[in-house]
Each structure stands twice: as structure tokens, then as C-alpha cells.
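If you're matching them up, the sequences are chains A, B and C in order. Note that numbering that gives the first Met the number 0 gives residue 262 to position 263 of the first sequence, counting from 1, and the numbers run on in steps of one. Note that numbering that gives the first Met the number 0 gives residue 216 to position 217 of the second sequence, counting from 1, and the numbers run on in steps of one. Note that numbering that gives the first Met the number 0 gives residue 62 to position 63 of the third sequence, counting from 1, and the numbers run on in steps of one.
Possibly wrong hints are sitting among the right ones.
[Unchecked claim] Here are a few chain C residues that face chain B, going by a calculated C-beta distance under 7 Å:
id : residue
1  : 61
2  : 76
3  : 80
[Stated by the list, open to error] In silico lysine-lysine, BS3-like type, Cα no more than 30 Å apart, as pairs:
id : chain 1 : residue 1 : chain 2 : residue 2
4  : C       : 161       : A       : 397
5  : A       : 187       : A       : 270
6  : A       : 266       : C       : 37
7  : C       : 161       : A       : 75
[To be verified] Label-pair ranges, simulated between beta-carbon atoms:
id : chain 1 : residue 1 : chain 2 : residue 2 : range
8  : A       : 157       : C       : 62        : 54 to 60 Å
9  : B       : 129       : A       : 532       : 34 to 40 Å
10 : C       : 173       : A       : 424       : 49 to 55 Å
11 : B       : 129       : A       : 414       : 56 to 62 Å
12 : C       : 130       : A       : 266       : 49 to 55 Å
13 : A       : 532       : B       : 112       : 39 to 45 Å
14 : A       : 82        : C       : 58        : 52 to 58 Å
Everything labelled a hint here was simulated from the structure, so no lab data went into it. In this text, all values refer to a predicted model and were calculated from it rather than measured experimentally. Built from N, CA and C at the ideal position, the CB exists for glycine as well.
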Amino acid sequence: MSGGVDLFDLAQKEREEQAVYRRTVLCCGSTACLSGGAQATQDAIRDVVAEKGLEQDVRLVATGCMGLCSRGPLVKVRSRGEDDVLYADVDADAGRRIAEQHLAAGQPVEERTLSLEHPFFARQVRVVLENMGEIDPNRIEDYIAHGGYRALRDAVSTMTPAGVIDVVQRSGLRGRGGGGYPAGSKWKLLNEAKSDQKTVIANGDEGDPGAYMDRTVMEDDPHRVLEGMAIAAYATGAIKGYIYVRAEYPVAVRRLEQAIRQAKRHKLLGKNLFGTDFSFDVEIRIGAGAFVCGEETALMASIMGQRGTPVLRPPYPTERGLWGHPSMINNVETLANVPTIMRRGADWFANIGTETSRGTKVFALAGKLENTGLIEVPMGITLREIIEEIGGGVAGAKAFKAAQTGGPSGGCIPLKHIDTPMDYDSLLALGSIMGSGGLIVMDEDVAMPDVARFFMRFCMDESCGKCLPCRAGTYEMYELLDALVTGRGTAATLVRLETLCEVVRTNSLCGLGQTAPNPVLSTLHYFRPEYEALLVPDGAHLAGLPGAHVAAAAESASAFADGSERSA
Amino acid sequence: MAGVNLKIDGVEIEAPVGENLMQAATRAGVRVPGLCQLDGLSVVGACRLCMVEIAGTPRPRPACATPVGESMDVHTDTPRLREHRRVLLEMLFAEGQHICAACVASGACELQNLAAELGVDHVNFTPPPTRLEMDLSHPRFGYDPSRCVLCTRCVRACAEVEGAFTWGVAGRGRETHLVADLGVPWGEAESCTSCGKCVSACPVGALFEKGTSVGERRVTRALVSTLTARRDRESHREVLK
Amino acid sequence: MSALRAAAGAASGTAGAAGGPPPADDPRVALLTTQLKKVRYRADALIDVLHAVQDIYGYLSPEVLTTVADALQLPPSRVLGVATFYHLFSFEARGDHTCTVCTGTACFVKGADALMAGVTEAYGVAQGATREDGSLSLLEARCIGSCGLAPVALIDGAVVAKATPDALIAAIRTAMEASESAEDAVREAAAGEGGAA
Ligand SMILES: Cc1cc2nc3c(=O)[nH]c(=O)nc-3n(C[C@H](O)[C@H](O)[C@H](O)COP(=O)(O)O)c2cc1C
Ligand code: SF4
Ligand code: SF4
Ligand code: FES
Ligand code: FES
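Bound conformation, chain A alone (with noise of 0.2 Å):
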């Protein structure tokens, strides 16, 4: 084929090169890892490969995440005719022993091990990780021998657009950046748009501060990314692609850009790709800290180098985004199932998860649990099961109290609730969302007026300020809660928040300000008690507050209501 690679003959190659080693070392090399030592255990294995000269026999590999975060640096030995083995916990001692007796003693280190029967593992499903912990993301070679780049190959030379969004629509796909909107029928309106400068964006802001499911993906998994993006480009006619990053990610950053480098190379990306009239390509922007960026009009914005406010819509993107141009946003995470679905089939991803969610979620697993990490589950599965058996139960025998969904944008789920499948819309119905994939455990220990204080204050710091509701709404409901907490707030205080959180819900402008409150209304649904024995009775607030406070309002009351109607 004029102009394309031959992805098998890459793929072929690649896959006799690995299968000369006789055993393979993957070592988590992912942020969390490195942060845990990752580099000082991989050098450690090298050293004693290179010692004993086993540079023949063995491969190293530095992986992307493999999940269990809490546990890390992991590695994974697999070996011709064997089954993998899995370590956890390996510093640099533990590297070299692994290295002595395994490596080239052919001995696991039994003390060492993890099942990988173990729940954590073995209750995954995995689609969008599905390379993560297999592939070395800085080698595109590793990628296409892996099935990459086979997806897109396929829908550009023997599927038309249209072909590729009816399984798009078919497969169930629907957005994960939080909204949950279905894929296919966004692909379509952008297919369905006039223009010659579309453009397709990857959502890579990730802003729920206790999340990083897209990170991960970025940086361990960049092609899957980018073949996810072009396939979207092909189905909606777009000519140009964005990922937007948050500068918190460096890594993600520098990965991506060596993997769109390499996808260039190797006419994945850029002009007449597979010798057809379809021509890609991507370009990176990095935000700045703002979480509201998130927001699709914000990104926009920003990528086009202005203040990151959210303008109204309509007009949707898909009319009049990027420079005036239809535009569609999708999530990295919703971007990176379709290599999949397109190869596997739309049945097949429906048959995952749940009649309104098909597919599978990936979840930051974070708080007190006793493992936390990466995972990536069927739809539908409960609280419960992710909880008990994959977390492994809330860590030092204390009791659950509430999981955190959706971050400053969702609520709490409590413990009467945990058999609750996780799905879009039983979420939704307990008032929080599924949102991008935080999950966090809080356990008897966390007091709830507290944790909405924490989102509130979060949010407060991220509103961008142009409408008034937000703007001065989340700072007065911060000073509300803030009151409640300090013991300083009354029977009145309480009522005051519930009418701000209503007011501030229903006249927003963005999604940031409409879903400010929800942490506030879902604590106060489940935990009411909690906030009213933080009650003082009427009056004794008045002495923990600045006398400014009661004087200031009645003057100013006072000098402006001139000649309007007193009530008081």
C-alpha cells in the first residue's frame, strides 16, 4: 500500500524479537512507582543481568502502571513456558534478589509474590489498560505488536464513516469525562457539521483533584490514545486534533509527544494515511492549573491561548468551536475504548457492563483502603465488590463510612447504599454522578461537614469568576460551611446554605458552578445529624463573629435602599 507502513511486517518483526528473549522483567516504571523507588530496582536488576550476563536472556521492560499503586514498585516476571510471576513492594534489595534467584536461578522469590489470583486483579476487566504493565510506552513497535494502529488501518481503508460511528453508536460508548453522553451520537452531529476545518479534542484535563485515570493512559498508553483520535477524525471528517494536558503532567506531556513523533514516522499520523485522501494530525496544549479548563468552552479558550472562562452554549462545539470551526470534545478515557471496540466489535463491548452503561470504568482507588490504585471494572459492579474485595476492605479495621464519586462535582455514597452497581444512572439516582473516575473511601474517622468544606473551598479557588452566582455563591456557601464547622453557625446558617446551594445550582453559568453544590446536598441528605450537632443555638454565634460583620451589612443596607421599601 502507497505511503502506509505494513503494520504487520512491523508487528511480525517486533513479536520474533521479544520471543528470542526466554524471559521477560516488566517493571512498573509509572509515577507512582518511580515515586516509590521504580528506578533504583530496575538499575538494581540491570546490574546483576548484566553481571551474570544474561543480556541474552532476559528483557527489560519499563512498563506502565500496573494498578496496585499502594504496593508498588511492582514487577512481573514471565517466562517462556511459565506462568507470570508477580512481585510486590521490590526496593533495589529485593530487585536483586529477584534478579539472582528468579532471573537466573530460575527460583521465585516466594516471599515476594503476589497471587495474581488475587481480587484485585482477577476482579478487573480490561479494556482501556489493557497494555498497561505489557508494553513499554515509549516504543510505538511495542504498541503495533500488541494489535496497534490495526483499528485505525481497518476503519480508514475499508469502512466508511459512517461505518465507523454505527459502531460506535452500536457498541454503547458513552462519554467519560463525566457527562456520560453517547459517543456515536456526538461523532455524528460533528460528521453531520459543514466545514473543512473541523477539529477533534482530546480532554486530557483531568481536574477531580484525586484522580488520574487519564494520566495514566496518556503516559503509559499514548498511542492508544492517538489511534483512538484519528479513528474520530476519520468517522467526522476533522483534519486537526488537540490533547489538551494539565501542566501537572509532565510526563504525559513529553510521552505524547514522542509518541505523536514516532506516529509520524511511521505514516500513522499526517498526510494521506494508508495511501488514502485521509490525512491526521495532532498537536498537544498544555493548560496551566485551572480546573474549570475542563469544561469544553473553557478548553477551547485556553487552547486558543485566552483566559479559560466558559462561554454559553449553544451554540455546542459541534456548531461553532476551535476559531469559530465545528469542534468535538471527547475524554481521553472514552477516546482510548474505541481502538478496542473497533477491533473487538460493538458486541462485544455491549456485552460488558449494564442495559444504559456498556463498557467498563477505570477508577482511581484512593483513601483508606487497604489497596489502592488503578482499576478498571464492569459497569454495574457494586460499591460493595470494589470496596471489599478489590480495595481489600478499608484499611486498619476501622468501618466505612462514605465513597466519594465525582469529585467536587458529585457526592457521597453511604454505607446503606454500597450494594448500589456502579452505573451511570443509579449514581445519579443516590444524587452523585459517576464522574471521571475518583473513587475515594472515607471511613468513620472523616467527618462529612468537613469533606463538603474541603470541595466547597476547592471549588471557591477554581471558580473563574465571570458569573456572578458562582463567583461570590461559592465563596459565601465556603464562609457558611466554615461556620457550620468552627461552631460557629445557627439553625439559620444551615437554612441560608440550603437556599444557596439552590440558588447557585440553577443560575450558573457552567457545569462548575451548577454541580458546586451537589457535596454539600449529598452529605446533608445522608449525614443531617452531623451538621446539626454542629449547631449553637441563636445568638451565641453573634460573639465568634467580627462585629464588622453585622454593622457593615446594616450600613450598607441602609445607604443604598434609600428611598426603596423597608421591610425591616
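Let chain A serve as the given structure and place chains B and C with the ligands on it in line with the hints.
Chains B and C with the ligands in isolation, oriented as in the chain A frame:
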């Protein structure tokens, strides 16, 4: 011209396609409150005081930014909307320091009028403890940040009508504020042409002409709207080509 | 990108120093020009350019912002508006060392507050501020994506995992002592790392 029929607070009205609910309401004799909208400037929909309820839509929509639609049934003054507007206004007052008794715009202030209209006569929120410093560096005009409601009408008038881009919005969240050029005193802003369009666009007394005292605001807000209307008409005139 | 700043700092010996306009042969000017050429002076690359300025100079000064506004042909009010919107841009020089405490949700649940309070008390530096002697800046970050190791902090860009207040305080001391005996250029490079984190 293509038109649609809709109902605003029970008044049936025909409106041209492309008109927004605020404009249609005005023609129907219904005044919808609002601060950030000014005819002739782009629409930002930021103050959220003009929210109206449309039968069949789940949440209220800003009248200034919502196009008219066939058979819409719009309510601009429900108890819920009034209650929300009152709370919003209270929060607006608490963001700054609004001492009407000392303000040039008193009597000609859109904020003051709204407060009277909605019966906001006390503020339940804590205003900032200190006034921000006034900028009196410009030979003809002054700027009092404590009275600014961040409607950005001045910013848009300066950029979209005068083309000077002197005023900008800086900071974010509650720290949002106006800046002239690179944050210099107004009088030192090289881009300012002293045209006064920002002053005429300001709904409150935050931008004012020097030498005016309490209640003496002279500039007319219609100025910017008149200019843009004229400009847009003239641009169609063959004779200019 | 922080390598840019390290290079400039080593060459001029005064990376990030406040004061009047830089001398004409300031190597940082050339670095910025290279960056501007790379983005072909496109106005929509403003945020990229501001990142570069921060890497090269350590912070955004009015003089450099004016240069940027002129180069990209943007109104100064717009440049300042964008620069002040994003939290990662700083308008003051940072300290020699930077301690960044993650205050994301996972770290909050595991006691980020105590870390912050511990450092504040031990080193007399408020959150978001720099010590008077310029030795240490204390910043907060919103989730650095190592939630599995919560609570975490960064010292000059290096992660301290599952931190306790005592461990963090000790790690800061180690970093400060290490730089005391080191060369100036080395110290500049370390501060650059912190700025980029
Ligand atoms: C305040 C706010 C923050 C958001 N942050 C993100 C984010 O970090 N990542 C993301 O993918 N979507 C985020 N979203 C949702 C996006 O606006 C958008 O809906 C999403 O990227 C669409 O992709 P999807 O359809 O694939 O989910 C955010 C929305 C709001 C209102
Ligand atoms: S809701 Fe908040 S973040 Fe959204 S536009 Fe309004 S002020 Fe900005
Ligand atoms: S100065 Fe006046 S016109 Fe400008 S933003 Fe403030 S209130 Fe609006
Ligand atoms: S007038 Fe409509 S939002 Fe301000
Ligand atoms: S919350 Fe601290 S690393 Fe994610």
C-alpha cells in the same frame, strides 16, 4: 422577515428570528432585570439576573442570551426567580462596598434600581472589611473598584467599539478584577484614548467623570448602543464603498 | 523545559533576580526569542510562551510581559488577564527550595492538612508564600496523580510518598543542607526543578 410567535408573561408577541428574549420582552412591555447586557455589545450572560423560566425546559435560561422560539411560553417574574434574584443581588452588594449616599451614580444606578425593584433592603452576607483604593490617575475619569459589579461592559465597550483594549479582566474567582493595560494606573495606560465609552457603559458608579458629585452622573448609557447601531447601519451603505 | 532555565541561570548567574531591565547580552533574552520563533509568534500560543517565560526567568515580570505582548501583538491587558487567570504562573521569584504539598482529595483524606501545618510551623512560612530569607517556598498542588501513595509532597520536584509531618520536615532540611555546600549553579538548577513541578 421570518418571525415567531411566543408568549411572555402572558403577553402574546411576534418576534423576528434571531431576537433574544430580553429584546422581545422589552417590546412586549416586560422589563427583565439584568446588568451585564447592553445593546450594541456582545452578549456574555454573566450576571444571571435575567434568568427566566421557559415552560418545558428544566432550568431557567438567561433572557439576554436565549433566542426567541416558536410557541415559547416564557415567565420572567415567578416567585422562585424573584427569590433567586434577591439572593444574587445581596451577594453582589456583599462583594463590594456600595454606599449610595456617596456615589455619583445615585439615582442613575442600575444596581440601586434593581435593589429597589426587588425589595432588597438588607444584606445577609459579610462585605469586605476595607474599601479598595480608587484610581484617580486619569485626567478626566475615575475608577472605584469597590463599586464594580464585574459586568465587563466597560471591557467590551473599550474593545468592541473603541478598539483600544485598555481595560481587561484579570485574576479569577473572587479575585477577579479590572486592569488597565499591564495593571498600570489608568492615567498611565498608553492605549487609552480618553474616549469615555467605558464610563458611559458602566451600569453603576464604578467608572465616573471627575468633577461630578453625588447623584450627578452625566454620561448617557445609550451612547454605546447608539454608536454601534449607527456603525452597523452605515456599514451597509453603498455610498461608503 | 526547566533545563532552559538552568542553562540561563548558569550562564548569567542571576536567574530570576528582580530589578531593572536585563542587560542586552542577557542569555535569557535569546532563549525567549528562540521560544517565540518556535511558536511563530502566534497569539494563540500565549500560554505556551508564558510557560517558557516562567521556566527561563522563574517568574513573570512586567518587563517580560510587555515584551511578550509586543511580540505576539496582543493588548497588554489581555496578556495580563491570561497570566493572572492560571494558578501555575507566578509573579514573584520563588525560594531556593520549593515544598509542594498535595491537597487533592486522596491526600486530604489521609492528612494533607497536618503536613501543611507541620511545615508552616517548622519553617515559619505560610502556605503559598516564600520565607523571608528566600530559602523556601511552600506551595500547594491539586493532585499530582500519585493518590495511591497519599499523602504526598514534592520537594524540588522529588516525590515524598506516604509522608508524615516529621518525615517531610526532615526531607526539607536534607534538601536545604545539601544545597548549602553546593555550587551556586547547582542551586539554581534545583530551584528551577521546583518551579517546573
Ligand atoms: C468544571 C468542569 C470540569 C470538567 N473537567 C473535565 C475533565 O477534567 N476531563 C474531562 O474529560 N471532562 C471534563 N469535564 C466535562 C467536559 O466538559 C466534557 O463534557 C467532556 O470532556 C466530554 O467528553 P466525553 O463526552 O467523552 O465525556 C468537565 C466539565 C466541567 C463543567
Ligand atoms: S459557573 Fe463558575 S466556573 Fe462556570 S462560568 Fe460561572 S463563575 Fe465561571
Ligand atoms: S467598571 Fe463598571 S462597566 Fe466596568 S465591569 Fe465594573 S461595573 Fe461593569
Ligand atoms: S443580563 Fe443576562 S446574564 Fe446579565
Ligand atoms: S490527591 Fe494527592 S496525589 Fe492525588
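task: Taking the numbered hints from earlier one at a time, note which ones the structure violates and give those numbers from smallest to largest.
output: Going through the list in order, the structure violates hint 11 alone and respects the others.
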